[in-house]
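As a plain string of letters, each chain reads:
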Amino acid sequence: MIAARRARALDETKLLVIERAGRFFDTTMDGLPSLLGPEDVLVVNDAATLPASLKGRDARGAPIELRLLGELDGAWRAFVLGDGDWHTPTEFRPNARIAVGDVLSFDGLTARVAQRESDRLVRVRFDGDLYRTLYSVGRPVQYAHLEHELDLWTVQTAYATRPWAVEMPSAGRPLQWKHLLALRARGVKVCALTHAAGLSSSGEAALDAKLPLRERYDIPLETARAVQQARGRVVAVGTSVVRALESAASDDGSVRPGEGSTELVLSPRHRPKVVDGLLSGLHDETASHFSLLGAFVSTALLRDAYAHADRAGYASHELGDVCLIY
Amino acid sequence: MEIPMTKNILITGASRGLGRALALAAADRGMNVALVARREAPLEDVAAAVRARGRKAIALAHDVADKHTVYPLVGRAVAALGPIDVLVNNASTLGPWGEAKPPRPMPILLDTACEDLEAVLQTNVVGPFRLTKAVLGAMVLRGSGAVVNITSDAAVSAYPAWGPYGSSKAALDQLGRIWAEELQGTGVHVWSIDPGEMDTAMHAAAIPNADRSALQRPEDVASRILADVERRLA
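In order, the protein sequence lines correspond to chains G and W.
According to my numbering, the first sequence is numbered sequentially starting from 14.
According to my numbering, the second sequence is numbered sequentially starting from 3.
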């Protein structure tokens with residue numbers, strides 16, 4: 014599949030439906046409401062996307078870019094890159110020269126390097142009003158496959174709430190309110206959890222192999238109950254929702270509400286406890302992506318469906334087309 | 003028993019007049035307040051007064067007419083307080099004549115520059131529309147919320163020299179009515195309130211010779227508005 018150079022217009026988003034029973038077919042997002050019914054539950058990730066890329070200077074004054082990953086115990090984990098911008102794929106960006114104790118400078122803010130986990134992965138402690146600086150000089154993490162820079166409003170879902178995501182929970186991007194209201198009118202329960210969706214690529218192979226890192230989530234009581242008591246299918250919008258629900262679920266199908274964090278990696282070995290299907294972007298046919306979806310459908314069916322998507326002109330990667338596996 | 007969560011209110015034009023009065027009245031009613039206005043110093047004063055009442059406050063110096071500012075200001079508000087339960091679109095401009103020091107008389111439409119009409123529409127209509135969009139989806143997902151648009155009788159009566167302001171408030175009114183129709187059954191309320199004439203700097207800029215003693219106090223209007231909000235959210 015080709016990664017489209019422009020974000021797919023929302024009304025033109027194609028939807029590839031892959032049924033776990035073994036067949037697949039084409040439709041569009043407007044067709045989604047008719048696929049679900051009164052006993053089904055749709056769970057979205059309502060995290061707003063932060064402008065998580067901060068340009069600044071290292072301790073010697075050289076330009077750096079910090080891409081925030083998530084907060085834990087007052088320190089932020091982040092990828093740090095040397096000079097350059099999003100037009101250059103991350104794997105070709107130079108490393109920054111960073112040592113523990115260094116103070117990095119940003120507009121109105123500094124960050125002390127508390128830990129250096131690799132050439133690109135650090136933990137920092139900020140001094141100053143982080144959100145004020147992020148929202149005045151930060152930029153949303155961009156995608157090298159797109160030809161235009163994305164504005165902050167373009168990378169928000171239609172229901173974005175708490176600014177926890179450092180990269181857009183992009184499976185939810187094509188979900189417009191006409192779809193959500195139509196789903197509710199059909200009796201589908203639409204509910205939310207918040208998951209700090211993390212970065213998808215660091216440009217460092219060893220680091221990328223470890224993704225996703227530990228990410229926090231918060232499942233409201235109402236959502237936990239809806240999932241637990243669902244008589245129909247539970248469909249997650251995005252892998253972040255799958256990971257949060259499956260991490261909070263017990264073998265008996267109960268779901269623990271409240272805050273938590275997860276390092277869960279989905280694979281064909283994972284037998285879903287509460288999630289029956291998911292809406293997802295169409296990413297690279299890499300081992301990790303197929304492994305992730307392989308928790309729900311066979312790799313053979315996925316390959317057939319993806320080959321069809323390729324022939325049918327589906328756009329892969331973030332802000333492209335989507336698939337529904339259920 | 004679930005304990006009621008503290009409600010968070012975001013008020014634009016919060017540094018003075020009705021906006022300031024709404025902020026203090028909201029704090030008295032137990033709400034946390036996100037305050038938006040263009041100038042930071044008077045806004046921080048109001049934020050301090052909210053905190054003195056035991057509530058959380060964040061002062062956000064942003065211009066609602068600037069499209070680049072909307073998601074940043076909402077992001078900062080939610081990061082500080084949590085999801086927004088009530089939005090009050092109060093910030094508005096009479097036009098450049100009202101912002102001048104001293105304010106100039108408002109012109110008739112034939113003497114109004116097209117760019118000045120556009121600027122009034124940006125602040126009074128498009129800005130509130132963008133801000134509403136930025137918080138409304140979250141409210142509809144939660145099944146609860148309120149958006150109050152502060153309007154004016156200039157939206158319904160044809161007052162000469164009130165063309166840009168009056169037409170912008172008429173547009174804001176109608177947007178609000180259509181929002182309300184589209185959101186039937188979602189638990190989210192959108193409505194307009196005409197506060198009537200109040201003793202504020204904006205009123206003085208528009209009608210310098212008014213008898214100030216005959217005007218309402220913004221504090222009294224603010225209390226009525228918040229009582230209306232609480233009733234609809236109950």
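The reader is advised that the hints may include incorrect statements.
As the list claims (entries may be wrong) - Okay, derived cross-link-like pairs now, BS3-like style, lysine-lysine, Cα gap no bigger than 27 Å in a straight line:
id, chain 1, residue 1, chain 2, residue 2
1, W, 135, W, 69
2, W, 135, W, 58
3, G, 68, W, 58
4, G, 191, W, 58
5, G, 191, W, 69
6, G, 286, G, 223
7, G, 68, G, 223
Calculated directly from the structure, the hints in this document are not laboratory data.
To see whether the hints hold, each was checked on the structure:
no.: 1; hint: W:135 <-> W:69; in the structure: 12 Å, holds
no.: 2; hint: W:135 <-> W:58; in the structure: 24 Å, holds
no.: 3; hint: G:68 <-> W:58; in the structure: 30 Å, violated
no.: 4; hint: G:191 <-> W:58; in the structure: 35 Å, violated
no.: 5; hint: G:191 <-> W:69; in the structure: 24 Å, holds
no.: 6; hint: G:286 <-> G:223; in the structure: 24 Å, holds
no.: 7; hint: G:68 <-> G:223; in the structure: 25 Å, holds
In summary, the numbered hints that this structure violates are 3, 4.
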